[in-house]
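Undergrad: Respectively, the protein sequence lines represent chains A and B. The working numbering puts the first residue of the first sequence at 1285, with every later residue one more than the last. The working numbering puts the first residue of the second sequence at 1285, with every later residue one more than the last.
It should be emphasised that the hints constitute simulated quantities derived from the structure, not laboratory data. Even for Gly, the Cβ is constructed at its ideal location relative to N, Cα and C. Among the hints, a few may not be true.
If we take Cβ atoms under 10 angstroms as the criterion, some of the chain A residues that face chain B in the derived model are [said to hold, decoys possible]: (1) Leu1319; (2) Pro1323; (3) Ala1362; (4) Thr1383; (5) His1443.
2 protein chains.
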Amino acid sequence: MLRELSLPAILDARSTQFVLRSATSDDLDALMELLADDPVSAGRGDVAASDDQPAYLEALEHIIGDASNDLLVATDHAGRLVGTFQLTRIPGMARRGATRLQVEAVRVRSDARSSGIGSAMMQWVTDVAAPTLGSALVQLTSDAARRDAHRFYERLGFHASHVGFKYRVPSEASRAE
Amino acid sequence: MLRELSLPAILDARSTQFVLRSATSDDLDALMELLADDPVSAGRGDVAASDDQPAYLEALEHIIGDASNDLLVATDHAGRLVGTFQLTRIPGMARRGATRLQVEAVRVRSDARSSGIGSAMMQWVTDVAAPTLGSALVQLTSDAARRDAHRFYERLGFHASHVGFKYRVPSEASRAE
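Work out the full structure, taking the sequences as your base and the hints as a guide.
TA: Quick look at the structure:
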């Protein structure tokens, strides 16, 4: 948990308001469904399978228990979880010792995507969370297939200045083969 | 410091060996020069100015003191610092609760770039550090201008699957204007 952040917070979206708060283990099922409600994630194995629940719970507890990480969730007036993202504060040497704020795993429920909740979450990151946490830079990567997301981030003032590389570490089982 | 890593380690490069170890505050001047010895970094203000020394020292102490981060340095047989990179372990929900290992600020001294030290450092990350730290994914971003670096990472098995976005947070001075 990033204790400096003042949460819960109210997010003003286009026509309504959302509540932004830190996730708890009570949010686990809704978070798993939100991850699965996305074709790119589902293609990587995030399909809300009940067998995977212990692994997700362990990850959630890890994030919540870490002083440099937090998992945020946005809920609507009915208490439905409609958005989520993870923040990681990373100290660094480059750019004259700048601290970075990294955003991972941004997801919005498919039936809430025209509500303005995505913009409201990311503007809260750039305008509230980053200055509060002393971060000079906010960074994220987005799968090359997510063209709509790229236009969305550019509209918010992000620059597509970098190429994001991923290396999948072979599992112990496949390394032993 | 990532205490699980077994350091110092010997890195076998093409024709010679290097020692890989955690950075200490004694490395500060050499690290500042390594950051400045790169046109992309220099263009972002990393010019080894003595006025910036306190900010770099604070950043270095922050990284070293954090249990999810470490700054690594590679030295040659003469004890010269020829390479550096930062590691950050990031817990996550996506990809079934996978922990990621992020690499930032990879730099090799310009006069050591044909030695194989860059490959040896990155292979140590993917083959030794990532499995030791329980990371299923290694990730990094590289400035779009660094075409040679992109080929280098692809040769090592990284996939350029993502677009890296950066948002520069306005300084308090410029926000007050």
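Undergrad: For a quick check of understanding: which of the numbered hints are violated here, in increasing order?
TA: 2 and 3
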